[in-house]
Amino acid sequence: MQIITKNGVESEYLDLLSRLPNDCLMEIFARLDHNDHDEVATLSRRMCTLSDGSRSRCAKILVFGLEILQERRRELHFTMRLPRQKIFLELKDCTRPWDKLKKRNEGDVKDYKSHYTSELQVISGSVDGCAKPGEIIDRAAAILSKFDFQSLEFYSMCIDDHFLTWFEQIARTSRTLNNFILMNCFFDDAIRSDGRERLLSSLSLARPITMCLVFCCDASFIDETFLRNYAKAVLFARLGIFNAGQSRSLLFASKGLGESLSQLGMFSMPRLVINTDWLLSPLLKRLRHKTEGTWHFRTTRNIDQREIDTAMGSDMKCSSNGNRHTIELADANFKLDLRFIQDNMVATMWNIEAVFQYA
Amino acid sequence: RIYPLMRVTLTTSDGASVTVSRQLTKHSGFIEKAITDMAVDDNAVPLSAVAVDVDDATLKLVIEWLTEHRDDALPYPEKTDEERRADDIPAWDQAFVQKWDTKEDQQQTLYAVITAADKLDIKGLLDMTCKTLANKINGKTVEEMREILQLECDFTEEELAEIRKENAWCEN
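Note that the protein sequences, when read in sequence, are chains Y and F. Residues in the first sequence are numbered consecutively from 1, following the UniProt record's numbering. Residues in the second sequence are numbered consecutively from 1, following the UniProt record's numbering.
If you're looking for bench data, these hints aren't it; they were derived computationally from the structure. A quick note: this is a predicted structure, and the numbers were derived from the prediction, not measured. Check before you lean on any hint, since a few could be wrong.
Only pairs whose alpha carbons sit at most 25 Å apart, straight line, appear in this in silico PhoX-like list of lysine-lysine [as the list claims (entries may be wrong)]: (1) F:60 <-> Y:60; (2) Y:146 <-> F:136; (3) F:136 <-> Y:100; (4) Y:103 <-> F:165; (5) Y:92 <-> Y:132; (6) F:165 <-> Y:132; (7) Y:102 <-> Y:146.
Only chain Y is shown next, with the shape it has when bound in the complex (with noise of 0.2 Å):
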């Protein structure tokens, strides 16, 4: 058999790629991302047989970011992030095979970043016509699998164990994860400690350089062994950790967590209270990566010059007045600008701002 190409050129060695057996095909298959696979799908029946077969090993679509925000506990509403352009998606409907993300003109789009500054709506069960939240989230999960997603931001969302399951598969197969954020969220009633692990579990697999995670509900299983994995595994990470009743539900630090804190380049937790007596060595340690950044947190009383003169290096020189310090490394025109603040909510309380920043 003969076939004639578009350059009008004839071949007697067709179907080459036919000839070849499925292992090697597969092999061939695996190395293409799902654009790829969209494309090879349609060749042929066996090609399309055989790029089902390998999808699951392919390259994922690098995608900047996806936002999705939860309205009212019911809707969801996706926002890609593409080079270029953003597309705005929902998914209301999932019950047949066919139904994908459709787009949103961007006018019908509501200013959604809004939403984590105000009181979160609570409104239980579904709508009429509208597939369930945890239907949607399976559905989108499914769809957006092809994705390699670089940021991910949530807002308003119910954390549920469908969301869990897709976090879990993000996780596990990412490789491009640098930015998460949870904005507003709180955790389903259903879910019990073990959902809460099984956040902590994947954010810790998944890494990524900036994490801001704010609840409102309470975030008291943010745990030590958290932090401290996360700081040792993520070099200068950007991380802020906040939730709803802080003076509530503080965390104490032991003593050894400042020191592995040290590695954070951002770092914001109010709920976390570090001794004071335990405060310098980390600051001055972090001080010496010369490495821009501010750290938040509470302590538990001010400090003063004399102790600062104290452990501070041969090379650094300090000047305080009140309640402010100013450490700076002599030869490296870096400084680190402390401030405590006395705490309004729990009277016994500081607030530190650490500045850390070219002098």
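Starting from the known structure of chain Y, fit chain F onto it as the hints suggest.
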């Protein structure tokens, strides 16, 4: 135990014979198994002939590749799914494949070497040639792929539309 000076005679599908060092054939799971199955004395020089279902011209290319890679570590490392990439072909291998690109029958040669690597169970060569072919079709449209692969479509227009609909991740 491999005796590097030991030689193996390979008979090709088109009747040629090639004698090669056991140092090269140790990379071929097929030939090693054939030698084991023969249960011959390891000191026999040369060993009895091993028939391979590969033509002479392709076997010469395979031997050229094996000669360059004779010191590669064995067993060939198993790749995890994350490691299945196509952009890490060593420079010598790239030049080796590019030599065929100057020929009219370059596609046929590539397919012949892939098939030979598969039949002879030479994992490193199979890995490299699969990467090469993957690189050829990576990022191409279906029409371009069809031209490169010289592949006929056996779908109806309706079936194609259905597949495209199923594979789409979003609708306008």
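Next item on the list: Take a quick look at whether residue 146 of chain Y and residue 136 of chain F sit within 25 Å of each other, Cα to Cα.
Entry: Distance ~21 Å between residue 146 of chain Y and residue 136 of chain F Cα, so the pair holds.
Notebook entry, point to check: Can the restraint linking residue 102 of chain Y and residue 146 of chain Y be considered satisfied, given a maximum Cα separation of 25 Å?
Noted result: holds, 17 Å
Note to self: Tell me if the straight-line CA distance from residue 60 of chain F to residue 60 of chain Y falls inside 25 Å.
What the structure shows: violated, 37 Å
Note to self: Just to be careful, I want the Cα atoms of residue 103 of chain Y and residue 165 of chain F compared with a cutoff of 25 Å; is the pair within it?
What the structure shows: Holds - the C-alpha atoms of residue 165 of chain F and residue 103 of chain Y are around 15 Å apart, at most 25 Å.
Notebook entry, point to check: Does residue 100 of chain Y lie within 25 Å of residue 136 of chain F when you go C-alpha to C-alpha?
Noted result: violated, 31 Å
Note to self: Need the status of pair residue 92 of chain Y, residue 132 of chain Y: alpha-carbon distance at most 25 Å?
What the structure shows: holds, 9 Å
Notebook entry, point to check: Within a Cα-Cα threshold of 25 Å, do residue 165 of chain F and residue 132 of chain Y meet the stated pairing?
Noted result: Status holds; Cα separation ~24 Å.
Consistency note: the structure conflicts with the earlier hints numbered 1, 3.
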